[in-house]
Amino acid sequence: MHRYYFSLLIAVILIITGIGPSFAADYQQIAGLMDTRTTFSDGKYSIEELVLLARQRGFNVLFINDHDRMAMEYGLPPLRSILKKSVEQNSINKQGAGKFIQAIREVEKKYPDMIIIPGSETVPFYYWTGNPITGVLTAHNHEKRLLTVGMENAEDYENLPILHNSLSLKNIRNAIPELIFFSAAFIVALIMTFWKGLLRITGIIALILSVIFTLNSSAFRSSSPFDPYHGDQKMAPYQLVIDYVNEKGGMTFWNYPETKSGVRKLGPIQVSTLPYPAALHESRSYTGFAALYGENVTLTEPGNIWDMTLKEYCAGYRSHPPWGIATADFHGEGKGEEKLGTFPTVFFVREKTKSAVLKALRNGNMYAYQGEVPQAMKLDEFSLSSADGQTRGNSGETIALTGSPKIKIAISSAGAAQNTVKVRLIRAGALINVFEEKLPFQIEHTDQYYKPGEKIYYRIDVRGPGIIVSNPIFVSFREDKK
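Residue numbering for the sequence shown follows our numbering, beginning at 1 and increasing consecutively.
It is possible that part of the hints are untrue.
[To be verified] Listed next, the in silico DSS-like pairs over lysine-lysine satisfying Cα-Cα at most 30 Å (straight line):
{"hint": "1", "residue 1": "Lys-455", "residue 2": "Lys-422"}
{"hint": "2", "residue 1": "Lys-248", "residue 2": "Lys-99"}
{"hint": "3", "residue 1": "Lys-234", "residue 2": "Lys-311"}
{"hint": "4", "residue 1": "Lys-406", "residue 2": "Lys-422"}
{"hint": "5", "residue 1": "Lys-109", "residue 2": "Lys-248"}
[As the list claims (entries may be wrong)] Quick list of simulated restraints, FRET-style, between CB atoms:
{"hint": "6", "residue 1": "Gln-390", "residue 2": "Glu-436", "range": "29 to 35 Å"}
{"hint": "7", "residue 1": "Gly-96", "residue 2": "Ala-400", "range": "36 to 42 Å"}
{"hint": "8", "residue 1": "Arg-264", "residue 2": "Leu-199", "range": "53 to 59 Å"}
{"hint": "9", "residue 1": "Leu-274", "residue 2": "Arg-55", "range": "36 to 42 Å"}
{"hint": "10", "residue 1": "Ser-46", "residue 2": "Gly-130", "range": "34 to 40 Å"}
{"hint": "11", "residue 1": "Ser-355", "residue 2": "Ala-400", "range": "42 to 48 Å"}
{"hint": "12", "residue 1": "Ser-46", "residue 2": "Lys-234", "range": "36 to 42 Å"}
Rather than coming from a laboratory, the hints here were simulated on the basis of the structure.
Idealized CB from N, CA, C, for every residue including glycine.
From just these sequences and the hints, can you work out the full model?
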């Protein structure tokens with residue numbers, strides 16, 4: 001009974017003083033590693049070895065993003081599907097997508113404290129220019145890639161609409177006119193083989209050609225309706241993959257869109273993938289993009305492409321805002337390799353479960369981090385609220401306000417106390433404030449901005465003993481009808 005009255009007294013004090021529940025009381029942070037490879041593609045470690053290494057570094061969430069199909073081929077016209085040179089490296093679908101999913105499930109059972117989420121890195125499309133005989137042969141956009149996350153069925157990977165993947169019934173249906181023509185030619189040629197003389201020889205030749213051209217037809221291409229011989233197809237092959245993954249309940253993220261390593265010689269050919277930040281603006285319904293990775297990122301700068309897409313969402317031109325994540329491109333540790341754990345994505349969850357992590361990822365309840373292991377600074381809070389604190393929103397959320405928003409930022413340190421950090425506050429693409437503080441610190445700031453009928457967002461980035469990129473909080477301003 002005394003405990004009941006004590007709890008009631010505390011609740012009354014909180015109400016009287018206007019102190020609401022803290023951000024930390026609502027959420028807990030759990031750091032996850034995305035964009036990692038295993039021996040199912042070109043990684044150094046098995047799934048179990050990678051899980052143990054992540055666990056040793058203090059991470060309980062691991063996203064496995066092996067290559068779903070790593071292949072290139074070039075065919076000579078007019079029989080490109082027959083007179084061709086193909087090169088294929090290790091991948092999920094080469095080893096077997098069923099084995100990949102099963103291996104993850106077995107490791108999950110063995111280490112129940114670890115959350116392991118399957119996915120892939122995918123190459124939806126590339127195209128050739130040049131000629132192997134008369135000039136340089138160049139493969140364009142082979143490194144223009146997406147991460148897929150959360151597809152749990154082997155068939156989802158086997159049927160991805162990408163070049164050189166499995167056969168597609170849809171392609172066979174689309175090729176019915178071709179197949180009817182070649183089948184008719186085959187029947188006529190077969191009849192001619194029963195004749196005599198020149199007609200019989202002609203029939204045999206026509207029979208062979210009809211079989212060859214049937215096998216070369218579009219019916220026997222991969223699950224993608226595209227091929228690498230008709231130039232740049234703009235965003236269509238990528239949007240096809242994004243839509244497919246969405247249909248399967250998964251998520252997609254543009255990976256390293258400002259790549260600096262996409263142009264180089266690769267054996268006897270040239271590869272050329274120019275930076276592709278514009279893909280964020282040109283595509284729709286993807287989940288997010290790599291906001292931090294092993295190169296200098298500029299598209300998160302105030303007013304750049306990320307802000308363009310977020311403002312389009314606020315204006316109603318997009319159904320989904322794109323979220324920022326950190327991606328590691330991790331293949332293994334060693335000389336010249338990145339250490340596992342330097343690019344975590346930190347999720348705000350109410351419980352440490354796979355479904356909670358996937359929900360946070362889908363809804364933008366996370367921030368991207370780049371820095372040493374262990375994490376030197378943590379974003380304990382980034383929230384927006386009404387002046388009285390009764391309405392509050394966190395990263396990925398939308399709140400309605402009838403006045404200027406109050407912004408709260410709290411950053412703590414782990415062995416990096418007194419380091420000076422710079423916090424940039426961005427409103428709808430405009431840099432509105434820069435705070436320089438020593439760790440740890442807490443900021444409360446009221447932005448004197450209020451336009452009823454407008455929807456905007458706030459986000460922050462932090463630079464100090466590491467880099468933090470938050471996801472946005474959206475605000476819909478309403479008329480105060482009091």
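(request) Could you grab the alpha-carbon distance between Lys-109 and Lys-248 and see if it respects the 30 Å cut-off? (result) holds, 24 Å
(request) Check the following: the C-beta atoms of Ser-355 and Ala-400 are separated by a distance inside 42 to 48 Å. (result) violated, 27 Å
(message) For the hint 34 to 40 Å, verify it against the beta carbon of Ser-46 and that of Gly-130.
(response) The hint (34 to 40 Å, Cβ to Cβ) holds, given that Ser-46 and Gly-130 are roughly 39 Å apart.
(message) Can you confirm whether the C-alpha distance between Lys-455 and Lys-422 stays at or below 30 Å?
(response) holds, 27 Å
(request) Using the Cβ atoms, figure out if Leu-274 sits within 36 to 42 Å of Arg-55. (result) holds, 38 Å
(message) Does Lys-422 sit within 30 Å of Lys-406, going by the straight-line distance between their CA atoms?
(response) holds, 19 Å
(request) Please test the hint of 36 to 42 Å on the beta carbon pair from Ser-46 and Lys-234. (result) holds, 39 Å
(request) With a cut-off of 30 Å on the C-alpha distance, tell me whether Lys-248 and Lys-99 pass. (result) Holds - the C-alpha atoms of Lys-99 and Lys-248 are around 19 Å apart, at most 30 Å.
(message) Holds or violated: the 53 to 59 Å window for the beta-carbon distance between Arg-264 and Leu-199?
(response) holds, 55 Å
(request) Can you let me know if the beta-carbon spacing of Gly-96 and Ala-400 is within 36 to 42 Å? (result) Cβ of Gly-96 to Cβ of Ala-400: about 50 Å, so the range 36 to 42 Å is violated.
(message) Quick check on a hinted range of 29 to 35 Å for Gln-390 and Glu-436, using CB atoms only.
(response) The hint (29 to 35 Å, Cβ to Cβ) holds, given that Gln-390 and Glu-436 are roughly 31 Å apart.
(request) Take the C-alpha atoms of Lys-234 and Lys-311, compute the straight-line distance between them, and say whether it is at most 30 Å. (result) Holds: Lys-234 and Lys-311 sit about 23 Å apart, inside 30 Å.
Of the numbered hints listed earlier, those contradicted by the structure are 7 and 11.
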